[in-house]
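Novice: Sequence:
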Amino acid sequence: MSTSIGFIGLGVMGTPMALNLARSGVPLVVWSRSSTHYDTLRNAGGIVAESLDALFSRCETAVLMLAHEEAIDEVLGRRTPLFAQRVAQRLIVNMSTTSPGYSRALADEIHACKGRYVEAPVSGSRKPAEAGQLVVMLAGDPEEVDRVRQLVQPMCRDSLVCGDVPAALTMKLAVNLFLITMVTGLAEATNFALRHGIDLAQFAHALNAGPMASDVSRIKLDKLVTQDFSVQAAITDVLKNSRLVAEAARSAGIASPLLDASHALYGETETMGHGGLDMVAVIHALSQRSAQATGEALPGR
1 MSTSIGFIGL
11 GVMGTPMALN
21 LARSGVPLVV
31 WSRSSTHYDT
41 LRNAGGIVAE
51 SLDALFSRCE
61 TAVLMLAHEE
71 AIDEVLGRRT
81 PLFAQRVAQR
91 LIVNMSTTSP
101 GYSRALADEI
111 HACKGRYVEA
121 PVSGSRKPAE
131 AGQLVVMLAG
141 DPEEVDRVRQ
151 LVQPMCRDSL
161 VCGDVPAALT
171 MKLAVNLFLI
181 TMVTGLAEAT
191 NFALRHGIDL
201 AQFAHALNAG
211 PMASDVSRIK
221 LDKLVTQDFS
231 VQAAITDVLK
241 NSRLVAEAAR
251 SAGIASPLLD
261 ASHALYGETE
271 TMGHGGLDMV
281 AVIHALSQRS
291 AQATGEALPG
301 R
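Numbering of the sequence shown is given in my numbering, commencing with residue 1 and proceeding in unit increments.
Calculated from the structure, these hints are not laboratory results. Ideal Cβ positions, reconstructed from N, Cα and C, are used throughout, including at glycine. Wrong hints could be hidden among the right ones.
Stated by the list, open to error - So the derived label-pair ranges between C-beta atoms look like this:
| no. | residue 1 | residue 2 | range |
| --- | --- | --- | --- |
| 1 | Arg218 | Pro27 | 32 to 40 Å |
| 2 | Ser34 | Leu82 | 36 to 44 Å |
| 3 | Thr271 | Asp228 | 18 to 26 Å |
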């Protein structure tokens with residue numbers, strides 16, 4: 001088996017992450033359920049595997065950046081004879097966002113097959129991923145975590161060790177709770193300003209000049225002001241993440257009223273057909289609720 005690193009999942013986040021690894025000189029072998037970005041990775045020096053089995057046969061370490069738990073199960077061949085073949089004597093690095101319970105169970109199954117497992121979820125969206133400015137949270141065996149921490153350096157501006165699985169994913173969900181409620185609050189404030197006739201450029205200036213401004217608020221506010229809904233973190237993905245946070249809160253008996261309200265709004269936004277837009281498109285659900293409250297005619301009615 002070679003020293004190549006396998007990278008599985010070339011979506012909105014996975015593609016720039018894999019590119020940063022390849023450009024840093026990491027010998028990378030990639031595979032994705034969608035072949036859209038294969039040429040981009042080839043041009044950066046990556047090798048495209050003909051199949052999943054071809055990737056696993058070449059790599060001792062496999063990095064997963066997949067959309068959901070079902071995709072991870074499919075890629076690893078979980079609950080089939082393929083699972084042991086794909087994980088035995090290999091290090092599986094899960095950079096996807098899953099429930100902590102799922103990650104703990106997956107770790108146990110990988111260890112039972114003589115494989116190794118590290119959680120490494122990331123905080124950040126497409127732009128930080130492109131710039132190699134993600135924050136990576138790590139959990140697992142200390143020796144393996146140290147290896148992964150070195151590996152992910154080209155992707156991130158910082159990394160932190162959280163302890164045993166699933167501490168990294170629990171940390172990621174706590175971070176997501178703040179992000180989701182913050183951006184939802186920003187969208188609600190923008191909708192408030194808009195409906196009061198406030199000039200949005202001046203509103204943005206007032207927020208950006210104040211103590212509450214952050215990199216995230218500036219980027220998301222600019223998108224709201226210009227109505228740029230191109231995806232950095234999609235509504236559908238944020239809805240999934242808010243569900244994971246809500247489930248983790250319920251399982252621990254933790255109240256999450258702000259998250260619950262945000263979750264409902266992202267669900268409404270997806271139902272409106274905006275699931276592929278950036279998370280700031282949640283303003284559409286807020287606008288719709290405002291129209292219903294005032295008796296305005298909704299678009300198309």
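Novice: For every hint, state whether the structure bears it out.
Specialist: Verification of the hints:
With their beta carbons about 37 Å apart, Arg218 and Pro27 fall inside the hinted range of 32 to 40 Å. A hinted range of 36 to 44 Å is violated for the C-beta pair Ser34 and Leu82, which are about 21 Å apart. Against the hinted window of 18 to 26 Å, the Cβ-Cβ separation of Thr271 and Asp228 comes to about 22 Å, which satisfies the hint.
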